[in-house]
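Given the coordinates of chain A, assemble chain B onto it according to the supplied hints.
Protein chains in written order, with our numbering: chain A, 1348 to 1847; chain B, 1348 to 1847.
Just so you know, not all the hints are guaranteed correct.
Note that identical chains are pooled: a pair holds if it fits in a single copy or bridges any two copies.
Stated by the list, open to error - Calculated lysine-lysine pairs in the DSS-like style (CA-CA distance at most 30 Å, straight line):
(1) Lys1845 / Lys1761
(2) Lys1373 / Lys1639
(3) Lys1845 / Lys1726
(4) Lys1511 / Lys1373
(5) Lys1726 / Lys1665
(6) Lys1656 / Lys1740
(7) Lys1511 / Lys1845
(8) Lys1590 / Lys1655
(9) Lys1724 / Lys1761
(10) Lys1583 / Lys1665
(11) Lys1845 / Lys1541
(12) Lys1656 / Lys1590
(13) Lys1661 / Lys1726
(14) Lys1590 / Lys1665
(15) Lys1583 / Lys1821
No lab work stands behind these hints, which were simulated from the structure alone.
Number of protein chains: 2
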Amino acid sequence: MKVSTLFAASTALALATVPALAATPKPVINAIKADQMPAIQRLRQWIALPTIANMGINHQEGADYMRQLALDAGFQQARIIKTDGVPAVFATLDSGAPVTLGVYFMYDVKHYDPAEWSTPPLDARLVERPGEGKAIVGRGAVNQKGPETAFLSALRAFKTAGVKLPVNLVLVAEGEEEIGSPNFPQALADPEVKAALGKSVGIFIPGADQSSTGSVSLSLGAKGVIEVQLISSGEKWGRGPSKDIHSSLMASVDSPAWRLVKALDTLVADDGFTPTIDGLFEKVAPLTDRQKQIIAEEVAAGSEVEEKKSIGLKVWAKDEDHLTSSLRLASQPTVNIQGLVSGYTGPGGKTILPGRAEAKLDLRLVPNMTFEDTVAKLKAHLAKRGYGDIEVKVSGGYSPNETAEDSVLIRAEKATLDAAGIQNTMSARSAGSWPGVMFTGDPLRLPAGGFGVGRGGGAHAPNEWLLVVSDNPKVAGFAEQAKIYADLLYEVARLGKKGR
Amino acid sequence: MKVSTLFAASTALALATVPALAATPKPVINAIKADQMPAIQRLRQWIALPTIANMGINHQEGADYMRQLALDAGFQQARIIKTDGVPAVFATLDSGAPVTLGVYFMYDVKHYDPAEWSTPPLDARLVERPGEGKAIVGRGAVNQKGPETAFLSALRAFKTAGVKLPVNLVLVAEGEEEIGSPNFPQALADPEVKAALGKSVGIFIPGADQSSTGSVSLSLGAKGVIEVQLISSGEKWGRGPSKDIHSSLMASVDSPAWRLVKALDTLVADDGFTPTIDGLFEKVAPLTDRQKQIIAEEVAAGSEVEEKKSIGLKVWAKDEDHLTSSLRLASQPTVNIQGLVSGYTGPGGKTILPGRAEAKLDLRLVPNMTFEDTVAKLKAHLAKRGYGDIEVKVSGGYSPNETAEDSVLIRAEKATLDAAGIQNTMSARSAGSWPGVMFTGDPLRLPAGGFGVGRGGGAHAPNEWLLVVSDNPKVAGFAEQAKIYADLLYEVARLGKKGR
Chain A
1348 MKVSTLFAAS TALALATVPA LAATPKPVIN AIKADQMPAI QRLRQWIALP TIANMGINHQ
1408 EGADYMRQLA LDAGFQQARI IKTDGVPAVF ATLDSGAPVT LGVYFMYDVK HYDPAEWSTP
1468 PLDARLVERP GEGKAIVGRG AVNQKGPETA FLSALRAFKT AGVKLPVNLV LVAEGEEEIG
1528 SPNFPQALAD PEVKAALGKS VGIFIPGADQ SSTGSVSLSL GAKGVIEVQL ISSGEKWGRG
1588 PSKDIHSSLM ASVDSPAWRL VKALDTLVAD DGFTPTIDGL FEKVAPLTDR QKQIIAEEVA
1648 AGSEVEEKKS IGLKVWAKDE DHLTSSLRLA SQPTVNIQGL VSGYTGPGGK TILPGRAEAK
1708 LDLRLVPNMT FEDTVAKLKA HLAKRGYGDI EVKVSGGYSP NETAEDSVLI RAEKATLDAA
1768 GIQNTMSARS AGSWPGVMFT GDPLRLPAGG FGVGRGGGAH APNEWLLVVS DNPKVAGFAE
1828 QAKIYADLLY EVARLGKKGR
Chain B
1348 MKVSTLFAAS TALALATVPA LAATPKPVIN AIKADQMPAI QRLRQWIALP TIANMGINHQ
1408 EGADYMRQLA LDAGFQQARI IKTDGVPAVF ATLDSGAPVT LGVYFMYDVK HYDPAEWSTP
1468 PLDARLVERP GEGKAIVGRG AVNQKGPETA FLSALRAFKT AGVKLPVNLV LVAEGEEEIG
1528 SPNFPQALAD PEVKAALGKS VGIFIPGADQ SSTGSVSLSL GAKGVIEVQL ISSGEKWGRG
1588 PSKDIHSSLM ASVDSPAWRL VKALDTLVAD DGFTPTIDGL FEKVAPLTDR QKQIIAEEVA
1648 AGSEVEEKKS IGLKVWAKDE DHLTSSLRLA SQPTVNIQGL VSGYTGPGGK TILPGRAEAK
1708 LDLRLVPNMT FEDTVAKLKA HLAKRGYGDI EVKVSGGYSP NETAEDSVLI RAEKATLDAA
1768 GIQNTMSARS AGSWPGVMFT GDPLRLPAGG FGVGRGGGAH APNEWLLVVS DNPKVAGFAE
1828 QAKIYADLLY EVARLGKKGR
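Excised from the complex, chain A in its bound form (with noise of 0.2 Å):
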């Protein structure tokens, strides 16, 4: 199906439903109405180039296509920073404000399998979704080529109706998002980027959670993350074999799979599911009184039911109350297994005794822990029982982040959001990770928060979309959700004049 064909029907796309803010001016609104479908084809376009991180999948094209995609946007300048691993892009666009924003993008996704999607990954195709509109999908629809195809949207207007920005503009775009983020610390210590930065009131990531009812959580900080494979081999270990031999020799022959069992067996409690490292919970920070009080409203607001059924599930661990699960979820660091792979992973059986097994695991990190620290005490761990043996090969990852609810970003957010009737929520701690540390962190120390409307779902997942079509009134569709990204450049510069 064509786009265009498509959308010709769809003049009654109604920007109208989000009532305009005085501040964002008539002719910039119009400018993103009119770039609505150009949009969208840029979006499957930028879809259609997938970078992925870990499979060394256009990692330069990638950045190109990027950096491309700033400066037909209205950057000034725009640049590519070689680091170790996937280049990141620095952007700047200066009006000459005395505010300036800082923008952070991720341009690689999660890796996908045709086989499971039910169109395919790189076409983005425009699915019609009963009940809620049409949704382009496809792998970063949400996640998040879609919401930043927005914003970029929201700026080409601004050029497009010759209307300066009531902002200046810092934009650092990595891509490595996927796989933890190992080598953007690098980019962000460049001179040029971290002075940039260091003018900014703090660093906003454009998103698209609206729930199904209209509302927007605002987040107040996220969990880390550490993205680790633990190694068991008889080459390393000096004991079993180096390679995949007959099963039947077991009885005379150490396994390394066992030993991986064994290992492994050691990092959560007989229930499954708590973690057991030595000291994992040391720097653990309770959650604050005005915490559980935002945690508190979320679940009122949300519906236990529509989570449940999105992932399947009975019941939360533990058969605690969805209140009692949701404040665990924000406080409780985790130890997760994402996959075991060893020896024969085929149909049936086969009888080999496999010379080597891996357990993919990632660990989330609530403050005050941090990367470093849990890294060195999962190793700690493991040698202290006897398994220094077993490599611990540490992907990506990094600590968790906090945005004070009284900065100037998340006011800007709340603002905006208020201001178009909006129904809105704060989110105290998302259990997903992003590397917001990095600039909540030393040295920058900034405010950081995702924020936007529209609606999408299935990151990391088949059929991943992003609603560009909305038939309910109270959720965004493409354009609004441009146009929600002006209002806050409005806000922020409302607010920013005295600092953060």
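Frame of chain A; chain B shown alone:
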């Protein structure tokens, strides 16, 4: 390289290195020699048609091919026996002799990954093995199409020479050996098959097991095996996700992968080696003094260095010496991990919490353990610890087997080797498994054992090989492999006149 080219230069191939038994007539020996080249070509053609039971590859085609091979070799009738799985083949050759011998073939092979092979696994190319001679390299070369082709070549030689076989033959062939022969008992329960085998002095299985020094080991039995997959899933458990979800939810959601790790952990002791399934050792019969004596002789005759080298091993489990470890290998049941598979298994990591996790195990059983009792014990063990939701999917297996050293079959095997001047030892119990219990157990209760000369390796591994031209006069090439089977038939005829 064309086989014909290679063998044209090899007219010196010395059948004379194995002294001719008076019992095998010269015309048969000549016919075996003349058939060497055609037989190797037949082996290559057979290798090109792999039957792989658990991949649904060439089930019917493999059975048809097996049937035709039997007819071509002189069996007067051969028919396919349908089972719930891969069909079996039953064939008889009545020479009017007073003694009947049973023969077991497998026509299936183990999976293979061509990427791991130095030559294509179905090409069966001739490859130089420095210091040893020339080998066929292909899947099934040694396990077991090569030795089986050599046996059929011997039978064809009788036909060509117009010499009556000294014994009648009953052949049973199956296509599911590599998955534990789940349906073979159905074929053996066929009244005609049962009656025919019931008249035999025992079942022999062609093999190529000469060591590099030329000695042959005669097996008196083998461990049993259970191939079983343990599957933990949110769906069956009623907890955790029904599909892969974002890993950030780990703090609120139970993990089927961790559940599997916890369940696995209960199956072996903290040494990652000793089985701890409730009651597993209850029925284990200790080795007899004669068995211990045989094992000591085996160890004394073998090369520990060579054994370790072939499996890339530095130390035996528990740091035991070679004899102690060999006694354990023969006498201890095992719980081996063949494979682990859950969630994301590609390079690096992926932030998911998998809805499913699977461990592929094999358990090896010693007398007087039985398949049925051990499966029941495994299930009871898991259920007792609250893991009743973990699916115990048995994909194959059978009880252990034993054959008396003073049976006609074993005595004939030993007499054949002694007469040929081939050094031989007894093997008390193979740690590998084959479904001999279907012959040695109820209702047939027949002696059964593998037998053959020649040398190969890499069964279940890449680059499986069988020596067809041997540079070592003590190790048999392909024609000598065929000839030893002719000799055996005469020894069975001689010793079998008074019963088993």
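So, going through the hints one by one against the coordinates:
no.: 1; hint: Lys1845 / Lys1761; verdict: within (18 Å within a copy, 99 Å between copies)
no.: 2; hint: Lys1373 / Lys1639; verdict: neither (41 Å within a copy, 95 Å between copies)
no.: 3; hint: Lys1845 / Lys1726; verdict: neither (46 Å within a copy, 69 Å between copies)
no.: 4; hint: Lys1511 / Lys1373; verdict: within (13 Å within a copy, 105 Å between copies)
no.: 5; hint: Lys1726 / Lys1665; verdict: both (28 Å within a copy, 25 Å between copies)
no.: 6; hint: Lys1656 / Lys1740; verdict: between (35 Å within a copy, 29 Å between copies)
no.: 7; hint: Lys1511 / Lys1845; verdict: within (21 Å within a copy, 109 Å between copies)
no.: 8; hint: Lys1590 / Lys1655; verdict: between (43 Å within a copy, 12 Å between copies)
no.: 9; hint: Lys1724 / Lys1761; verdict: neither (39 Å within a copy, 61 Å between copies)
no.: 10; hint: Lys1583 / Lys1665; verdict: between (38 Å within a copy, 17 Å between copies)
no.: 11; hint: Lys1845 / Lys1541; verdict: within (21 Å within a copy, 96 Å between copies)
no.: 12; hint: Lys1656 / Lys1590; verdict: between (43 Å within a copy, 11 Å between copies)
no.: 13; hint: Lys1661 / Lys1726; verdict: between (35 Å within a copy, 25 Å between copies)
no.: 14; hint: Lys1590 / Lys1665; verdict: between (40 Å within a copy, 19 Å between copies)
no.: 15; hint: Lys1583 / Lys1821; verdict: neither (58 Å within a copy, 38 Å between copies)
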